[in-house]
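J.: Sequence:
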Amino acid sequence: MVVHETTYLEVFFDQPNDLFIQTWKTSPNTKIIFKGEMLKFVHKYIEYSPSKALWLHENFKFMIDLETKKWTEKNVIVPCVKAGNKKLAFVVSENIFSHLSVLDSFKGTKIDSPKHFPNKSLAMEWISSNTFNTLEDNVEPYISFNGIDEQGNVVLKFKTNSETSNLLKSLKSIIEVEKFKQKNYLKFLSLTKREKEVLFKYIHGESLNTISDSLYISIYTTRTHWRSIKRKLKIQSNYNLIKYLCYY
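Heads up, the sequence shown is in the working numbering, so the first residue is 1070 and it goes up one at a time.
Check each hint, because a few of them may be wrong.
[As the list claims (entries may be wrong)] Taking CB as the label site, the calculated pair distances span: (1) V1246 to E1142: 20 to 26 angstroms; (2) S1120 to N1307: 40 to 46 angstroms; (3) W1195 to G1153: 51 to 57 angstroms; (4) L1255 to S1120: 49 to 55 angstroms; (5) L1284 to E1163: 46 to 52 angstroms; (6) E1163 to G1216: 15 to 21 angstroms; (7) H1273 to W1195: 25 to 31 angstroms; (8) E1163 to E1142: 44 to 50 angstroms; (9) S1120 to Y1317: 45 to 51 angstroms.
Bear in mind the hints are in silico, worked out from the structure with no lab data behind them. Glycine included, C-beta positions come from ideal geometry on N, C-alpha and C.
With the sequences and hints as input, model every part of the structure.
T.: This is the structure:
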């Protein structure tokens, strides 16, 4: 039975399967709309307390920012877990970037790893079963080039027997690296040849004293290079520093 419906969102309670099905009829285009709809969903979830949930995101195109991710974890995911959710499945949005932004909201939560499926029938098959985690064969994924579409975009096809969730996480990692490279390319380019050498060695765990010896330069010169590197790259933590390995 339908327990909630607006222009944007429909929530259906499948009583035999103890399942809430959330369907985005129209994608929200503002944080206010998204949060408002999700609060209504949570209100109904607490009222009926199902153990399983299916989020149909085929029409979901809204990009969730960091503030909204934190809000979603606190105001949606945590209350649903407390209300009894044990199992969650997604049908992936055509807009992968939108779906990846939602995926981040589930980091560190108590929900058994959400599963991600390309269509509703596969999602229902899993969520209606007693299976929580599925085993995967260790088979190399295959990527094929499918040409260029009418808009000039490169089309790639991924073939893998891995779970969709793992593929999405892999894509997310690749995208994050590419974004970092594009955003920080000019900073890296501003380094001198010697500064790049110092940076490479430091990232690989060498101390400034060791770098000084291996490059046959004084420790004073090495420290000067290091100060210049931190200034040019605007380094605030070693975590950000390690990301620059993508340029080597």
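J.: Does each hint fit the structure? Answer for all of them.
T.: Now the hints, each set against the structure:
As the Cβ distance of V1246 to E1142 is approximately 25 angstroms, the hint placing it in 20 to 26 angstroms holds. A hinted range of 40 to 46 angstroms holds for the C-beta pair S1120 and N1307, which are about 42 angstroms apart. Here the CB-CB span from W1195 to G1153 is close to 19 angstroms, at odds with the stated 51 to 57 angstroms. For the pair L1255 and S1120, the beta carbons lie near 51 angstroms from each other, so the given range of 49 to 55 angstroms is met.
In this structure the hint that L1284 and E1163 lie 46 to 52 angstroms apart at CB holds, the actual value being about 51 angstroms. In this structure the supplied range 15 to 21 angstroms holds for E1163 paired with G1216, their Cβ-Cβ distance being about 19 angstroms. At about 43 angstroms, the beta-carbon gap between H1273 and W1195 misses the expected band of 25 to 31 angstroms. Roughly 24 angstroms separates the CB atoms of E1163 and E1142, a value that falls outside the hinted 44 to 50 angstroms.
For S1120 paired with Y1317, a C-beta distance near 49 angstroms keeps the hint of 45 to 51 angstroms intact.
Of the numbered hints listed earlier, those contradicted by the structure are 3, 7 and 8.
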